[in-house]
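Chemist: So the chains spell out like this:
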Amino acid sequence: MANPDEKVTPLDNLGSVQRKTNRFGSEQSDAWLTQNTDFSEIGSVKKKEGYAKRGDTLTSTTSTSSSTSTTTTSTSTSTSTSTTTSTSTS
Amino acid sequence: MVDILGINGIASSAGNNKLLAGYGNDIVNVDTGLGYGLNLTSSNNIEFANFLDSMFMQNFDHTPLTFNPDTNTWSKLHVRHTPKSKFIFPWNEQMYLGHIKINSTTYASRVWHSNFPGTDNKGNQTIQWGFQSGTNGSVTKNTNRFRSANSGFKTYGITVGDTLVIESGANAGQYVVSRISDDQMIEVLGQFTSDQSSITFWVGSNWFDVRTNNSDTIQGFSENSNNLLIFKTDTLYRYNRSALKTMRGPGTSSNRSIVYFPNRDVNIYFHGSSKDRTGFYLFSGTQSTNISRAIQPFIDAIDSSNYSLIVGWAEGEVFRAYVGNLTNQNSANDAYNISDVKVVMSYSIPDNKWSIDPITDVIKAAGTLRESGQLKTFLGNDSAEVFLTPSGYSFDGDPIKFAYETKVIYPRGNEVVNVFSRLKIVARDAGRVSVSYKLWGTPFDVDQIWNGLGDLKRDVTELDIPLRHSRACGIQLRFQEYGTKEPVPTIEKISIYSVPETLETPEKKNI
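Protein sequence lines correspond, in order, to chains A and B.
Just so you know, we're using our numbering here: the first sequence kicks off at 1 and counts up by one.
Just so you know, we're using our numbering here: the second sequence kicks off at 1 and counts up by one.
So that you can see chain A by itself, here it is in the shape it has in the complex (with noise of 0.2 Å):
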């Protein structure tokens, strides 16, 4: 049987960090923390997503033989290779 004195006592409004005020001032949705929280769904707290590489990592180091039109590329494996691209200085 049910205790008469059972309280429940719901979030179902689930809000993010509020530290403005004291502890007795916050909003029943109110939040201590929040990491990596998405809101988007009002009422609920879901985890946010996350980022993704694009290309590989940038290694290669570039210079050019003269100021004028060629480029050579030198990559991480050692490999050169020129390319079409042109630089003008002029």
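Cut-off 30 Å, straight-line C-alpha distance, at most; resulting in silico cross-link-like pairs (BS3-like, lysine-lysine):
#, chain 1, residue 1, chain 2, residue 2
1, B, K275, A, K20
2, B, K342, A, K53
3, B, K493, A, K7
4, B, K457, A, K7
5, B, K122, B, K18
6, B, K101, B, K18
7, B, K485, A, K53
8, B, K424, A, K20
9, B, K493, B, K457
10, B, K485, B, K401
11, B, K76, B, K376
12, B, K101, B, K154
13, B, K401, B, K424
14, B, K424, B, K493
15, B, K424, A, K7
16, B, K376, A, K53
17, B, K457, B, K485
18, B, K76, B, K122
19, B, K493, A, K20
20, A, K20, A, K7
21, B, K76, B, K154
22, A, K53, B, K401
23, A, K20, B, K401
24, B, K18, B, K76
25, B, K76, B, K101
26, B, K18, A, K53
27, B, K275, B, K342
28, B, K342, A, K20
29, B, K245, B, K101
30, B, K424, B, K457
Because the hints were derived from the structure by calculation, they are not lab data.
Chain B: place on chain A using the hints.
Modeler: For chain B alone, coordinates are given in the frame of chain A:
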């Protein structure tokens, strides 16, 4: 460690997309890893801007250049005879430069702008800057003629009324141009007092100073309601071609923190200075308002050496800013102490909600590229890597630290000691989420550590709170998960069950 010095994407009218990043002494195609052999003369940050189907670059040191995505080449198209600058921004069909350098002189409060686009002698659209500078000027005593070989005074838009500045020597000073004789010679009002050659000079009029150099220097640009916003460190200005107006609110300490949200016509940025002013601000057209008071303890925990390094970007209608490490550990109650590394602060504009998000990279730059019909956001770190965000369920393979801590819940106020019996949690895809709790007011102390309760398992999970540690006025709950996989957990509702231990207050009980 090699910083990404800047990132920008460009999608040409012809459909050529390129994502470029400043790296080392070059600018590199992120997708091919190939550089363009620019041999940049400085490791300064590189700022990019797109205009006239070209990508413009400035790094305050190297000769300004533009990139043509259709020919995959860098050149001086559109930027022959242009001041160097720290900041660059296209606004209302003109390009604006801020915090400029001419010859070797820095004008930290000066803005220089291009003319409106016109056509070159081949019929192609281009811009002139109404600017010429050099070190080969010469004048003859008691004449008003100023000569400079190969200058192009006419070609590059110098006009009557422009200012000629001779930086040093017997004729040093400002003169007003009265006639453009030809590309190599102009005339001024008045006469020169001495013969002088090898003169360091500049001439032009497409500039204005944003107040004076009173240690408050230009830090960047943005736009709002069809106005140009000019940020200095402590002040903010709105410019509409006819008037420069000071706005209420501070400027920014970090150009890269400024993000414009066109759908809402608001700008969000960081200002770091004194404690009472430091924080994130939202500019809505007439004034800036501090929007980060809710997370002030975290703002206070930002290392002031990072105030100038904060990088912001947009993910939909969420403003995000990398702020570095947080340290604020002055409380005897560990709950009030803050310590975290590599933190992003995220602000959801429609919900007015903040999240404090530790990540695994030091972010140095952010940029966008329109690709496949989507505007994508990219981040650059301090290790020569570029990331697409948001994307996937990890930080490039590293687990994402998800945590949600409720505030302290006092079911019957802080005067009544409760016996907390159980929790009921409604959640989705939350099988890896662990739950722990702290008791507050037991009756006089606060738990210093989190006490584990178990993991969420099903759509509804019930967790019993051990009787041996269940008596307190308040309870605080923590949900956390570290993972790299989807589905991501969603917590929808938390119910806390309790009964009063006594109707007496803790103070009465203690008598």
